[in-house]
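There are 2 protein chains.
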Amino acid sequence: MKEHIDALYENRKLSELKDYLNDINFADMALLLETVTDERKRIFLFRLLTKENAADTFVEFDGDTQENLIKAFSDNELREVLDEIYIDDAADIIEEMPASIVKRILKNTDSETREAINAILKYPEDSAGSIMTPEFVDLKKDMTVEDAFKRIRRTGLDKETIYTCYVTDASRHLIGVTTVKELLLSDYEDIIEDLMETNVISINTLDDRETASSALSKYDFLAMPVVDMENRLVGIITVDDAIDVIQEENTEDIQKMAAIVPTDTPYLKTSVFETWKKRIPWLLLLMISATITSQILTTFENKLASLSVLIAFIPMLMDTGGNSGGQSSVTIIRSLSLGEIDLKDILKVIWKEVRVGFICGLSLGIVCFAKLMLFDRIVLGNSEITFAVALAVSLTILLEIMAAKIIGCTLPIFAKKIGFDPAVMASPFITTIVDAISLLVYIGLASLILGI
Amino acid sequence: MKEHIDALYENRKLSELKDYLNDINFADMALLLETVTDERKRIFLFRLLTKENAADTFVEFDGDTQENLIKAFSDNELREVLDEIYIDDAADIIEEMPASIVKRILKNTDSETREAINAILKYPEDSAGSIMTPEFVDLKKDMTVEDAFKRIRRTGLDKETIYTCYVTDASRHLIGVTTVKELLLSDYEDIIEDLMETNVISINTLDDRETASSALSKYDFLAMPVVDMENRLVGIITVDDAIDVIQEENTEDIQKMAAIVPTDTPYLKTSVFETWKKRIPWLLLLMISATITSQILTTFENKLASLSVLIAFIPMLMDTGGNSGGQSSVTIIRSLSLGEIDLKDILKVIWKEVRVGFICGLSLGIVCFAKLMLFDRIVLGNSEITFAVALAVSLTILLEIMAAKIIGCTLPIFAKKIGFDPAVMASPFITTIVDAISLLVYIGLASLILGI
Chain A
447 MKEHIDALYE
457 NRKLSELKDY
467 LNDINFADMA
477 LLLETVTDER
487 KRIFLFRLLT
497 KENAADTFVE
507 FDGDTQENLI
517 KAFSDNELRE
527 VLDEIYIDDA
537 ADIIEEMPAS
547 IVKRILKNTD
557 SETREAINAI
567 LKYPEDSAGS
577 IMTPEFVDLK
587 KDMTVEDAFK
597 RIRRTGLDKE
607 TIYTCYVTDA
617 SRHLIGVTTV
627 KELLLSDYED
637 IIEDLMETNV
647 ISINTLDDRE
657 TASSALSKYD
667 FLAMPVVDME
677 NRLVGIITVD
687 DAIDVIQEEN
697 TEDIQKMAAI
707 VPTDTPYLKT
717 SVFETWKKRI
727 PWLLLLMISA
737 TITSQILTTF
747 ENKLASLSVL
757 IAFIPMLMDT
767 GGNSGGQSSV
777 TIIRSLSLGE
787 IDLKDILKVI
797 WKEVRVGFIC
807 GLSLGIVCFA
817 KLMLFDRIVL
827 GNSEITFAVA
837 LAVSLTILLE
847 IMAAKIIGCT
857 LPIFAKKIGF
867 DPAVMASPFI
877 TTIVDAISLL
887 VYIGLASLIL
897 GI
Chain B
447 MKEHIDALYE
457 NRKLSELKDY
467 LNDINFADMA
477 LLLETVTDER
487 KRIFLFRLLT
497 KENAADTFVE
507 FDGDTQENLI
517 KAFSDNELRE
527 VLDEIYIDDA
537 ADIIEEMPAS
547 IVKRILKNTD
557 SETREAINAI
567 LKYPEDSAGS
577 IMTPEFVDLK
587 KDMTVEDAFK
597 RIRRTGLDKE
607 TIYTCYVTDA
617 SRHLIGVTTV
627 KELLLSDYED
637 IIEDLMETNV
647 ISINTLDDRE
657 TASSALSKYD
667 FLAMPVVDME
677 NRLVGIITVD
687 DAIDVIQEEN
697 TEDIQKMAAI
707 VPTDTPYLKT
717 SVFETWKKRI
727 PWLLLLMISA
737 TITSQILTTF
747 ENKLASLSVL
757 IAFIPMLMDT
767 GGNSGGQSSV
777 TIIRSLSLGE
787 IDLKDILKVI
797 WKEVRVGFIC
807 GLSLGIVCFA
817 KLMLFDRIVL
827 GNSEITFAVA
837 LAVSLTILLE
847 IMAAKIIGCT
857 LPIFAKKIGF
867 DPAVMASPFI
877 TTIVDAISLL
887 VYIGLASLIL
897 GI
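Going down the list, the protein sequences come from chains A and B.
With positions in the first sequence counted from 1, the corresponding number in our numbering is that position plus 446.
With positions in the second sequence counted from 1, the corresponding number in our numbering is that position plus 446.
Only chain A is shown next, with the shape it has when bound in the complex (with noise of 0.2 Å):
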């Protein structure tokens, strides 16, 4: 593709060159452009698109990208995209762009586009009414379909969606909600008032964009309608857009669970100091919190010091219980994320986890004490590993992954209820807890069994 479009460029072929660039799908259009790295190259190749072809490239392009075309546009050329693009999609512009810019596109918008990009930017950061647009299909209950049709057929162009329909009082109160699909299958003459669905499912504006957009997957809408507190129609979150709120979603999420400050911006796009400063916070805090593993040691160290080979399985205990806690913790943020599982689950989840780690710990003890006797001693020949040394292990093992288990699953839902993101509870942070009660266990069971 790129080959051929720099083949038609270094001939100078332009209408054939046009024809082909706006053959092309704007998403792949958009990461083609970035690829070109000469600037002048790049602008001569958008402009050869139609006014729409542009304006859903743009809207496609990474915030650098849009950034240095604005500067190279005329005003006119500006005012031609923003024409064209979706509300929601300039008001996400707008927010990665420098005050001058910011500046040049409002100037260049009409007055009342500009008081819907400004409504929109006015909501918080991660709510339903930061990430809706405006423009939607709003019917009136005594229109008829015929009149519904006429009405799409006027305004359905700057829509972007119009699939589905949102029937609103005369002040703008959302009352019922029907579709094209549904008008189609009508007929002309029949009302509004008797097709529409009146129980509507609608979402708040300052609402969570998590929120709308689960709930939009659960009830497989095509857009989730956005009300205020007087429950007035004020915008739509339509279906891709839910889309990518959920992958942000679950790439913060995962970030999270990784002990990494989250961030939106593509990994090859971060510097190496963002990418530091979003890692170095929690590797920090870990780390300090692992000083109570060095006290526990440091208290103990002349007892493992007498009998060294307690020494050699610290490491393997440790990550064994850190995997079991892992488990376990993930397992129940990833059930609250999806809503499988409530705050009121707690002690169901408390009571399988108990049994979930005890076959677990069992299992893991047995293959662990069943090695130890049969591989280290007999096989590798260690003799310091005796029935009393691989007991000790083995029921550590046993005992921390139980521990692991309850601790990695009370945790996640306890961070809930006191309104903090379950999603930091995950593995690094059970890690440094369980690895304290792992090693006080081990040490006891130690002094227990093998009286150091």
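Treat the hints with care, as some may be off.
Note that the list lumps identical chains together, so a pair holds whenever it fits in one copy or between two copies.
Lysine to aspartate or glutamate pairs mimicking EDC-like chemistry, simulated, CA-CA at most 16 Å apart [claimed, not checked]:
#: 1; residue 1: K715; residue 2: D788
#: 2; residue 1: K497; residue 2: D710
#: 3; residue 1: K627; residue 2: E581
#: 4; residue 1: K627; residue 2: D604
#: 5; residue 1: K798; residue 2: E720
#: 6; residue 1: K553; residue 2: E747
#: 7; residue 1: K448; residue 2: E498
#: 8; residue 1: K605; residue 2: E628
#: 9; residue 1: K715; residue 2: D791
#: 10; residue 1: K627; residue 2: D640
#: 11; residue 1: K553; residue 2: E523
#: 12; residue 1: K724; residue 2: D710
#: 13; residue 1: K553; residue 2: E526
#: 14; residue 1: K664; residue 2: D474
#: 15; residue 1: K664; residue 2: D686
#: 16; residue 1: K664; residue 2: D508
#: 17; residue 1: K497; residue 2: D788
#: 18; residue 1: K517; residue 2: D636
#: 19; residue 1: K596; residue 2: D633
#: 20; residue 1: K715; residue 2: E786
#: 21; residue 1: K794; residue 2: E581
These are computed hints drawn from the structure, not numbers from a lab.
Position chain B relative to chain A; hints supplied.
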């Protein structure tokens, strides 16, 4: 909601109850009926739903509830529900049912539907073919817009989505695509061929369902056309199913990253034994792999026992290395799965991680050194912590973090290259490797600096 239904049910206010139930959205209805434990009451309430609501609700139930209801259905009732549901949903249900129920379902569908269901069931699990529906609107290129609307009106009721219409030739090859929006904004006499987009993006029946869903999201489609090897249109994947796939794949990735064998059964519906089965393989494998750390420590146990203060820092060093490696691997796994980076970026990625690792390691090393010398030595008065000990520990942190970052970013890309799922190369796996390297570095540095 539930109390109101119970009250109407107890007082046998049937027509009121019927109206009330049919006003509830089917997704909520399904959740509600699943909580009704009295089977007879549940089927009674279910029977009050209109045919269409009953079918929509039925699709939302979990497998157990579906099975129980089918057992309670008369053949007639079963046929009514099956008539209303979409073919991809029917195929999903059949996949989860025991053989006797499958037989009864297939007996009660007409031969055309039966054939369509069987066709879907034949595609490999996780393929695009296995989640598509054959119920789409197809048009011919010489139709007028009016013809198209007539066709949609005649056949649209049974289609899962009518908003994207596919244009096929006489041999069912996919040659164009248009939308109801486009049709509504055109004149009745316009010819489909002049409206349709001919640069059609489609995917193959055997492509991964994840590929299909990400492509749908990338192009902001409401449905993704699925073609066979000869480019004949055989089905579509609708956006609501694509969202479900995206969520399931995210859950699967998160489970793999936490060293759990993936499952799509919700947490509370998985038995203790099933949960054990999903968790024990990785725990076992990782415990056995951790043997290598025991071997290293056994080899050097006399060295360590000779300066037992060194033992105290082992868990902290293991955790810090594991956390650092986990951050990198999880970041890379997620970027790979979102398509933000590719195999060819490996050198860029490594070079970035080296630099991030260096400044992360340096900052943590300095903090650790300061803490050991100022807090542990001076405040806590631990005289065993000498300048040389603090230096050995801090330098280990610097080196292990750099190693962890490089391993953490390389292994997922390597896994992808050899056709494995990068997600298994997450924290638990990386931790095991990094632990061994960290120990060797630690013991090496301690020998060098402290002369043990």
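Hints and how they fare:
1. K715 <-> D788: For K715 and D788, the Cα distance is within 16 Å only across copies (14 Å; inside one copy 37 Å).
2. K497 <-> D710: neither (29 Å within a copy, 45 Å between copies)
3. K627 <-> E581: between (20 Å within a copy, 15 Å between copies)
4. K627 <-> D604: This pair counts as between: shortest inter-copy Cα distance 11 Å, intra-copy 20 Å.
5. K798 <-> E720: between (41 Å within a copy, 11 Å between copies)
6. K553 <-> E747: For K553 and E747, the Cα distance exceeds 16 Å both inside one copy (71 Å) and across copies (73 Å).
7. K448 <-> E498: neither (22 Å within a copy, 50 Å between copies)
8. K605 <-> E628: between (19 Å within a copy, 12 Å between copies)
9. K715 <-> D791: between (41 Å within a copy, 12 Å between copies)
10. K627 <-> D640: within (15 Å within a copy, 23 Å between copies)
11. K553 <-> E523: within (13 Å within a copy, 63 Å between copies)
12. K724 <-> D710: Within. Shortest intra-copy distance 11 Å satisfies the 16 Å Cα cut-off; inter-copy 31 Å does not.
13. K553 <-> E526: Answer is within; shortest intra-copy Cα gap is 13 Å, inter-copy 59 Å.
14. K664 <-> D474: between (30 Å within a copy, 9 Å between copies)
15. K664 <-> D686: Both, since 15 Å and 9 Å are each at most 16 Å.
16. K664 <-> D508: between (30 Å within a copy, 14 Å between copies)
17. K497 <-> D788: Result: close neither inside a copy nor across copies, 49 Å intra and 32 Å inter.
18. K517 <-> D636: Classified as neither: same-chain Cα gap 52 Å, cross-chain 40 Å, threshold 16 Å.
19. K596 <-> D633: This pair counts as both: shortest intra-copy Cα distance 14 Å, inter-copy 12 Å.
20. K715 <-> E786: For K715 and E786, the Cα distance is within 16 Å only across copies (10 Å; inside one copy 35 Å).
21. K794 <-> E581: neither (46 Å within a copy, 42 Å between copies)
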